[in-house]
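*Asks:* Position chain B relative to chain A; hints supplied.
Protein chains: 2
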Amino acid sequence: MDWTLARRAKRLNPSVIREILKLTERPGIVSLAGGLPAAEGFPVEALREATARVLAGQPREALQYAASEGHGPLREQVAADLAARGLRIAASQVLITTGSQQGLDLVGKVLLDPGSEVAVEQPTYLGALQAFASSEPRVVALAGDDDGPRPDAIAAARGARFAYLLPNFQNPSGRCLGAARRDAIVDAALAAGVPIVEDDPYADLWLDAPPPAPLAARAGDAAIYLGSFSKVLAPGLRVGYLVAPKSLYPKLLQAKQAADLHTPGFNQRIVHEVLASGMLPAHLDALRTRYRIHRDAMQAALERHLGVFGTACRWQRPAGGMFFWVELPEGIDAAALLPRAVDAGVAYVPGAAFYAAAPRANTLRLSFATVAPSRIDAGIEALARVLREAWAPAQLPLRRGAVASALH
Amino acid sequence: MDWTLARRAKRLNPSVIREILKLTERPGIVSLAGGLPAAEGFPVEALREATARVLAGQPREALQYAASEGHGPLREQVAADLAARGLRIAASQVLITTGSQQGLDLVGKVLLDPGSEVAVEQPTYLGALQAFASSEPRVVALAGDDDGPRPDAIAAARGARFAYLLPNFQNPSGRCLGAARRDAIVDAALAAGVPIVEDDPYADLWLDAPPPAPLAARAGDAAIYLGSFSKVLAPGLRVGYLVAPKSLYPKLLQAKQAADLHTPGFNQRIVHEVLASGMLPAHLDALRTRYRIHRDAMQAALERHLGVFGTACRWQRPAGGMFFWVELPEGIDAAALLPRAVDAGVAYVPGAAFYAAAPRANTLRLSFATVAPSRIDAGIEALARVLREAWAPAQLPLRRGAVASALH
Chain A
1 MDWTLARRAK RLNPSVIREI LKLTERPGIV SLAGGLPAAE GFPVEALREA TARVLAGQPR
61 EALQYAASEG HGPLREQVAA DLAARGLRIA ASQVLITTGS QQGLDLVGKV LLDPGSEVAV
121 EQPTYLGALQ AFASSEPRVV ALAGDDDGPR PDAIAAARGA RFAYLLPNFQ NPSGRCLGAA
181 RRDAIVDAAL AAGVPIVEDD PYADLWLDAP PPAPLAARAG DAAIYLGSFS KVLAPGLRVG
241 YLVAPKSLYP KLLQAKQAAD LHTPGFNQRI VHEVLASGML PAHLDALRTR YRIHRDAMQA
301 ALERHLGVFG TACRWQRPAG GMFFWVELPE GIDAAALLPR AVDAGVAYVP GAAFYAAAPR
361 ANTLRLSFAT VAPSRIDAGI EALARVLREA WAPAQLPLRR GAVASALH
Chain B
1 MDWTLARRAK RLNPSVIREI LKLTERPGIV SLAGGLPAAE GFPVEALREA TARVLAGQPR
61 EALQYAASEG HGPLREQVAA DLAARGLRIA ASQVLITTGS QQGLDLVGKV LLDPGSEVAV
121 EQPTYLGALQ AFASSEPRVV ALAGDDDGPR PDAIAAARGA RFAYLLPNFQ NPSGRCLGAA
181 RRDAIVDAAL AAGVPIVEDD PYADLWLDAP PPAPLAARAG DAAIYLGSFS KVLAPGLRVG
241 YLVAPKSLYP KLLQAKQAAD LHTPGFNQRI VHEVLASGML PAHLDALRTR YRIHRDAMQA
301 ALERHLGVFG TACRWQRPAG GMFFWVELPE GIDAAALLPR AVDAGVAYVP GAAFYAAAPR
361 ANTLRLSFAT VAPSRIDAGI EALARVLREA WAPAQLPLRR GAVASALH
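Chains A and B, in that order, give the protein sequences. Mind the numbering: the first sequence is residues 1 to 408 in the working numbering, read in order. Mind the numbering: the second sequence is residues 1 to 408 in the working numbering, read in order.
Excised from the complex, chain A in its bound form (with noise of 0.2 Å):
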């Protein structure tokens, strides 16, 4: 049988990462190249007895089918909860989704013609690509600099469906926007009518400050905004959401009924059980204390081994998330690289695949979240030591003396 593929079915490629995460998953690894959070701090008692709870109380009720919006009592708690992070919108904004990826599905669908622009950072979250790419846009990347996406950039992008932003602990540069530079990017989007979609999975993983209001607090109704509970509770649950606009609420609400029917009412329980338990602040308290050892032992581990490299070894320590993005020495091909570090029992993401157009190959993404601080280091150790082979030897000899006391 002759099967005729949709056109856009050309265009769904399989998952860059999780290929690379099956070849590293073999034993001896240092993978630094997930993006999964630590297991180890999932809250297994709290999500026991919230599950025993919803399973006690309201069985039925959790097991049959139930409204695509979402359980009510959960999108009330999320608009308090956004609240709480400087973001006032209606619990009838929520639109409880089955991880925020699907959010990025339901956004496309709902905004996205084939050829319509959309703007998106460079990098960005390759999952997001990947959701739009079945709408066959056309991405142009935001100019941006070290503070984030240029307003200007914005503004050039009139026309564009949407700017798709990640304003905290950007998975995966780990770069997080300054309230400044967060009211340019919003006035300039409101002045060119460009409209925003904020990703913000990682609002709640900030390791040293809170950081500033979303985005769409300034926008209001030229934004959307994505939520998640899967780094913050654990992502095996698919539970997040989305807040639109009330004039949007209603397609994004269909495309929703048509995607799944509906997330599963038995799981969106269990997440509200768990955050009405009242666990959440002090379960977040030792989540940073976690990931802050891991962050802290991976930024020291880069500068103990990568510092022999000097300037021409470039990373910034992420405020929050779970990822360090580290530029290479020019000229030095992450992805070709790849091959020999995994021989060298450490593996990581080229960074090419997050950018949608003219990727940076000297790029990479280490994720600190799951690794033991010990291994983090045995892992940047080896990575250097490819690096080392690696780095074209005519450049070598400048900086002989350095490598030399530093790896002997």
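Errors might be hidden in some of the hints.
Heads up, the list lumps identical chains together, so a pair's fine if it works in one copy or across two of them.
Straight-line distance between alpha carbons at most 20 Å, and here's what the computed EDC-like set of lysine to aspartate or glutamate pairs gives [said to hold, decoys possible]: (1) Lys246 - Asp2; (2) Lys10 - Asp113; (3) Lys10 - Glu40; (4) Lys246 - Asp208; (5) Lys246 - Asp285.
No lab work stands behind these hints, which were simulated from the structure alone.
*Replies:* Okay, now just chain B, sitting in the frame of chain A:
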């Protein structure tokens, strides 16, 4: 802010059924409009035990991100269960979906372009029409007779990307295809080069005798098969699956990744544990007994209260599933009648919503799954009352004696 909608968003309309359901959930209404399974039939105790086992044995694996394909042991189990149903496939062909509604969304994404043709039964499952709508296909209706869609209609659909077929106890018509018609349909599809998408959520809800083997058993790589645990365990878990030819599987998998990364691993493991406990055969026996009593009560009520209309009202006793499909006297519009029916204390779904084209306005769907037998009788009695009032007075004199004697 002016948000520009995607063209497809204009075709996303509120679910008629869901809007009606909202109106008819007020107390005192006998709602035969629902599409829900009976919550009293959910295996709550078995699910409680399975959940406890998952959270005791493998909590962190169940709560972590997981493979997009689905939980390996569940995929194996699905393959084994399908073999018992006459469909021999490899576990590697099974893709776990967030309810079988998601399977429809993924199939549409991978196989339908704007304007491409998809052939459907008349009537057909409304949720499928909604899922396919986001790809903006041209939906063509397959001519049928009392035995289901006609093989020559399948042959005439040459050029369609696929024919969407529900052979077992179809929602809404309750119709089950016989073995000979199945063979003829598959042979016509193979000869015409029309692939089959077979939707089979009700296979295990047979009430008289197990249905013939699925179409996919004969069609092989010319079919995608969709299944669900919503009707046999509980819909609130949102666990379904599709079985795809090996050539199509990677594209469906990539569409799944982009849609929601994966179906909740927690829920998949609960379903696996429940099935592995061996409780399903006894549970299905009990479920069938429950549904048989309801089905027979509705059949008796229809005979009792609609019999007075003679051949002007027609229905078939369904051999499984959850629905009766009733043809009202010609000239009566079931949608127009609904407000009066609700005033009289009964709700149903007008049949027109289930037609892709040329809807038959004098049809309606009745669910026997959730309403107690005594209330089913009261509901059908109310339906007969409003029908009697609406039936063209011109026709009444012909039958007045029968109506009078039956109703007083």
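*Asks:* At 20 Å max between alpha carbons, let me know whether Lys246 reaches Asp208 within a copy, between copies, both or neither.
*Replies:* Classified as neither: same-chain Cα gap 35 Å, cross-chain 49 Å, threshold 20 Å.
*Asks:* Indicate which option fits the pair Lys10, Asp113 if close means a Cα-Cα distance not exceeding 20 Å: within, between, both or neither.
*Replies:* both (16 Å within a copy, 12 Å between copies)
*Asks:* Between copies, within a copy, both or neither: which fits Lys10 and Glu40 at Cα up to 20 Å?
*Replies:* neither (39 Å within a copy, 45 Å between copies)
*Asks:* Tell me, please, which holds for Lys246 and Asp2 at an alpha-carbon limit of 20 Å: within, between, both or neither?
*Replies:* Close across copies (13 Å), not inside one copy (44 Å); limit 20 Å.
*Asks:* Within a copy, between copies, both or neither: which one fits Lys246 and Asp285 at a CA-CA cutoff of 20 Å?
*Replies:* neither (34 Å within a copy, 47 Å between copies)
Consistency note: the structure conflicts with the earlier hints numbered 3, 4 and 5.
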